[in-house]
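When we follow UniProt numbering, the leftmost residue of the sequence shown carries the number 1, and every step to the right adds one.
Please keep in mind that the hints were generated in silico from the structure rather than gathered at the bench.
As the structure is a prediction and not an experimental result, all values here were calculated from the model.
Honestly, I wouldn't trust all of these hints.
With a straight-line Cα cutoff of 30 Å, these simulated DSS-like cross-link-like pairs (lysine-lysine) come out [said to hold, decoys possible]: (1) Lys150 to Lys188; (2) Lys188 to Lys25; (3) Lys32 to Lys153; (4) Lys89 to Lys121; (5) Lys25 to Lys293; (6) Lys89 to Lys70; (7) Lys153 to Lys189; (8) Lys153 to Lys121; (9) Lys89 to Lys29; (10) Lys25 to Lys38; (11) Lys150 to Lys189.
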Amino acid sequence: MSLPFRSWVEIDGRALRSNVRFLRKLLGKERKLVAVVKSDAYGHGLIPVASELERIGVDGFAVADPQEGKTLREHEIQLPILVLGPCLKEEWEEVIEARLCPVISTFQEAQELAVLAQQRKQLVHVHLAIDTGMGREGLSGEAFFREWEKIRKLSWIRVAGLFSHFASSDSDPEATRHQWETFLMYRKKLGLPLGHIANSAAIGSNPAYGQDWARVGLALYGLSPFPSLQSRLRPVLSWKARISLFRWMPPGSPISYGGSYVVTCGERIATVTVGYGDGYPRALSNRAYVLVKGKRCPIRGRITMDELLIDISHIRSVRRGEVVTLLGKSQGEAILASDLAEMAGTIPYEILTGISLRIPRVYRNFSSLTCEFLPPMNSGASLSGCVLERVSKERGG
Numbered sequence: 001m002s003l004p005f006r007s008w009v010e011i012d013g014r015a016l017r018s019n020v021r022f023l024r025k026l027l028g029k030e031r032k033l034v035a036v037v038k039s040d041a042y043g044h045g046l047i048p049v050a051s052e053l054e055r056i057g058v059d060g061f062a063v064a065d066p067q068e069g070k071t072l073r074e075h076e077i078q079l080p081i082l083v084l085g086p087c088l089k090e091e092w093e094e095v096i097e098a099r100l101c102p103v104i105s106t107f108q109e110a111q112e113l114a115v116l117a118q119q120r121k122q123l124v125h126v127h128l129a130i131d132t133g134m135g136r137e138g139l140s141g142e143a144f145f146r147e148w149e150k151i152r153k154l155s156w157i158r159v160a161g162l163f164s165h166f167a168s169s170d171s172d173p174e175a176t177r178h179q180w181e182t183f184l185m186y187r188k189k190l191g192l193p194l195g196h197i198a199n200s201a202a203i204g205s206n207p208a209y210g211q212d213w214a215r216v217g218l219a220l221y222g223l224s225p226f227p228s229l230q231s232r233l234r235p236v237l238s239w240k241a242r243i244s245l246f247r248w249m250p251p252g253s254p255i256s257y258g259g260s261y262v263v264t265c266g267e268r269i270a271t272v273t274v275g276y277g278d279g280y281p282r283a284l285s286n287r288a289y290v291l292v293k294g295k296r297c298p299i300r301g302r303i304t305m306d307e308l309l310i311d312i313s314h315i316r317s318v319r320r321g322e323v324v325t326l327l328g329k330s331q332g333e334a335i336l337a338s339d340l341a342e343m344a345g346t347i348p349y350e351i352l353t354g355i356s357l358r359i360p361r362v363y364r365n366f367s368s369l370t371c372e373f374l375p376p377m378n379s380g381a382s383l384s385g386c387v388l389e390r391v392s393k394e395r396g397g
């Protein structure tokens, strides 16, 4: 299939299925896998990815806010949906109508929800947040128990589980262990049947941290903070662009805005059809490289809104329209989102979620999708384009 795009991302359903199989094996039968699909499934596309994951057989989804959960329900997703972020008072109606499970921290939140639930005559299951060291949601100590005693007495509200979140599971084992022990202590005192605290990094360091539910985000999409785990995962997303122009630039030629790079020995400079307006970080100017025909080509000068410039002096037979790999594999070489993140001084989450919605998404090997073209869909924001390429008709991968 010839793709008429200047830049696009490809989402591989086969890699997604492979990651789910590995994570299931890592977690064991006693733990449920809850797929974190917030922020447009980390830039991969909320509805196509969630539809495929439901078909594969995950146990539930986690989203950032009620709007994302409502969007899933509107596209016939039936699995349980956990809302990770605190809800506004105006959002409780969406929570009830979409049958979502919110995380609450205070009696005020629970009371607001209970009033509306009583009016709708609908019991709402919630998970109670405990602050074990993240400092973002929940309470701790006596304040927590005071709120708990009031919340548990409310009608139309049922506390179904205990929630917390690791703050540094990818960098501080001691702090993580302390949070874990604190969480277990609170859960024992409350006697709740369900508890969950672990993210991808925590599961990678110790699968036992998964408790009853493992909230898996980054690892689901094929990335891990641990090299040992990375070798077992397959990145789901790759990002491509094209060469639109190339010229020989003599010694002394300044490149891009501000002349931050000046050619010293003469270089063949190519223009690539992607820039920071597409989500490719400007911080990678003069730092990163792309892949052309499996070879690394350094970025020269400052990245602009719609284009970047690379040195292709060492590559033969490059033509206009040549595909450039920004993320992904090319003839044995690979660039991971974690590689770009390290060069940009950020984290892979920001690289993936920062890819602009004006970039088309091409879906390969997705057994849940049957049409050749999917029009723009609302996943919190409208996708600019969503294309399905049926490379394989396999089912389940």
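Here is what the structure says about each hint:
no., hint, in the structure
1, Lys150 to Lys188, "holds (19 Å)"
2, Lys188 to Lys25, "holds (27 Å)"
3, Lys32 to Lys153, "holds (29 Å)"
4, Lys89 to Lys121, "holds (18 Å)"
5, Lys25 to Lys293, "violated (36 Å)"
6, Lys89 to Lys70, "holds (16 Å)"
7, Lys153 to Lys189, "holds (17 Å)"
8, Lys153 to Lys121, "holds (17 Å)"
9, Lys89 to Lys29, "violated (38 Å)"
10, Lys25 to Lys38, "holds (24 Å)"
11, Lys150 to Lys189, "holds (16 Å)"
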